[in-house]
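Residue numbers (our numbering), protein chains in the order written: chain A, 45 to 201; chain B, 45 to 201; chain C, 45 to 201; chain D, 45 to 201.
These are calculated hints, taken from the structure and not from any lab test.
Any given hint could be a false lead.
As the list makes no split between identical chains, a pair holds if one copy fits it or if it spans any two.
[What the hints assert, rightly or not] Below are the BS3-like pairs computed for lysine-lysine, each with C-alpha atoms no more than 30 Å apart in a straight line:
1) LYS180 with LYS86
2) LYS71 with LYS166
3) LYS180 with LYS88
4) LYS124 with LYS177
5) LYS180 with LYS124
6) LYS61 with LYS166
7) LYS88 with LYS166
8) LYS166 with LYS86
Spelled out from the first residue to the last, the chains are:
4 protein chains.
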Amino acid sequence: MAKIVIIYHTRTGTTKKMAEIIHMEIKNNNIEADIFPVESVKPKQLLDYDGIIIGSPTYYGTLAGPIKQFIDDSVAFHGKLDGKIGMAFSSSANIAGGNETTIISILQALLIHGMIIQGDFKGDHYGPVAIGKIDKRCEDNCRRMALRFIELLRKLA
Amino acid sequence: MAKIVIIYHTRTGTTKKMAEIIHMEIKNNNIEADIFPVESVKPKQLLDYDGIIIGSPTYYGTLAGPIKQFIDDSVAFHGKLDGKIGMAFSSSANIAGGNETTIISILQALLIHGMIIQGDFKGDHYGPVAIGKIDKRCEDNCRRMALRFIELLRKLA
Amino acid sequence: MAKIVIIYHTRTGTTKKMAEIIHMEIKNNNIEADIFPVESVKPKQLLDYDGIIIGSPTYYGTLAGPIKQFIDDSVAFHGKLDGKIGMAFSSSANIAGGNETTIISILQALLIHGMIIQGDFKGDHYGPVAIGKIDKRCEDNCRRMALRFIELLRKLA
Amino acid sequence: MAKIVIIYHTRTGTTKKMAEIIHMEIKNNNIEADIFPVESVKPKQLLDYDGIIIGSPTYYGTLAGPIKQFIDDSVAFHGKLDGKIGMAFSSSANIAGGNETTIISILQALLIHGMIIQGDFKGDHYGPVAIGKIDKRCEDNCRRMALRFIELLRKLA
């Protein structure tokens, strides 16, 4: 049975809350999913999952240092994540504050692992984004992307 | 039965040759595939295919004008390409001459159409790239990515 | 005396309005500035200016086709724009709809021309962005970036 | 008098060697320059320099974890680097292996600090890149970009 992991870094709690909304939506659809702050997970655990979702606050236009270090360390399993499904999300203080480029920076890492990603023709195209506090727009986008992720996972299972 | 289209822009012929290598590899694996210079195809035709592969020379770090215009015009079918599989490739004059960012610029468009893409843990991670003339490295990468594309297409069919 | 050109593509009028706000702010600071829709300007004219500002709506995550074609055509003057100062701005329908990656796609072209760009530690970091209609946030960012652009132009003159 | 700092992360020594080539070229042109592995420098020290050059190996398509953490920590001096001049370089194992996107990821951070960057119409457009071992092409590009950097620094001093 397919299993998903959600890994996030958080400082103010916004990225964590996004992770929880996505986690809840996945579980409500009867897919097994684990959720970890990046500090509590080892790259090796990535092998246990079919879907990998990574969330990061927007720091200087790319993924946060702890997320990047985790991805750098995952090189020990390079080639083993090939064909898994990936998704990214990001929180940021401002519109045009680097949230899109942060998501792209995570997607690039997933692609280099040989993973499969899907965009969205509606909503937040590259992945869900929070601007400041989480509002309805953000929550809807987190749920929508979670549902699309599950759908892709089921097709590829 | 799954069908693939390869669309390219070319001036010197390099991108065309890459398109032909990819086309040949797909057909050799018994998947139906059409190949068009971007000038000879209408966005509406995209609806007829399960897989869409787009190639562009590297002009100023993003997809060539005619490719971009074609993508802009595809907005008439926005939402209709959702879930199709995509891939990009690029030719460039030099190493570090913008070939990676050109591929990313095409992948961004595919994601915004809701399409599914996959990277490669070996070879040219984001998509095949030619540096100057097509050499064995480039040819191998074109073939490899074509095979991975077919594999993904079959899984999702 | 330093001279600036603002070149934009517009369909709904939003990008044009951003261009006009930037143009006005520059002129109010006693710097000569011309403003053109991309359809009314030739790449050769770029040689007449010290500062080049380019605005594009957000279409599929990168600069609009007509802007890209204009940039592709500017290859006839490759090397001649070296050391000029550049800036980019973008309008988009939605948050996380590709506006940042659109600005980055323009900045990449300016860099490949050897041009000089500056980000902003406040406001819209890569360049001013409109989300939907132009609001006060957008207008302030357009003005702010225009002033920073002038400041850099004066330093480099 | 203008002062430059070069900060790098290295594992195999390639990025370090690029840093040293750039350092040497700057000093040969009678500009004061310091060079540090990222582990030996504190964000606060950035305030002492007019020009900041950052080099990173290409790990999963963006700047290495230690470089990213250093940049994240530099938030304590956000706004204080405004107007400084920046440049980035990267080493990578392969062509199309993520070297361009790694450089862009550093440039994005510099822009968000309000810094000034310049591309190159010749050579490695976004910043010098090594593919595997350092060869003449790479060395020439490091020297060329160092000279361009100095020239910009002198104009802005």
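Comparing the hints with the structure gives:
Taking CA atoms no more than 30 Å apart as the test, LYS180 paired with LYS86 passes in neither setting, with 33 Å inside one copy and 38 Å between copies. When the C-alpha separation of LYS71 and LYS166 is checked against a cutoff of 30 Å, the pair qualifies only within one copy, where the shortest distance is 23 Å, while the shortest distance between copies is 34 Å. Within a single copy, LYS180 and LYS88 get their C-alpha atoms no closer than 35 Å, and across copies no closer than 35 Å, so neither meets the 30 Å cut-off. Taking CA atoms no more than 30 Å apart as the test, LYS124 paired with LYS177 passes between copies only; the shortest distance there is 27 Å, against 36 Å inside one copy.
In the homo-oligomer, the alpha carbons of LYS180 and LYS124 lie at most 30 Å apart only across protomers (26 Å), although the nearest pairing inside one protomer, at 37 Å, exceeds that limit. Proximity of LYS61 to LYS166 under the C-alpha cut-off of 30 Å is found in both arrangements, the shortest distances being 22 Å within a copy and 26 Å between copies. Taking the closest pair of Cα atoms, LYS88 and LYS166 come within 30 Å of each other only across two copies (20 Å); inside a single copy the shortest separation is 34 Å, beyond that limit. For the homomeric pair LYS166 and LYS86, the shortest alpha-carbon distance between copies (23 Å) is at most 30 Å, but the shortest distance inside one copy (33 Å) is not.
Against the hints set out earlier in the document, violations occur for numbers 1, 3.
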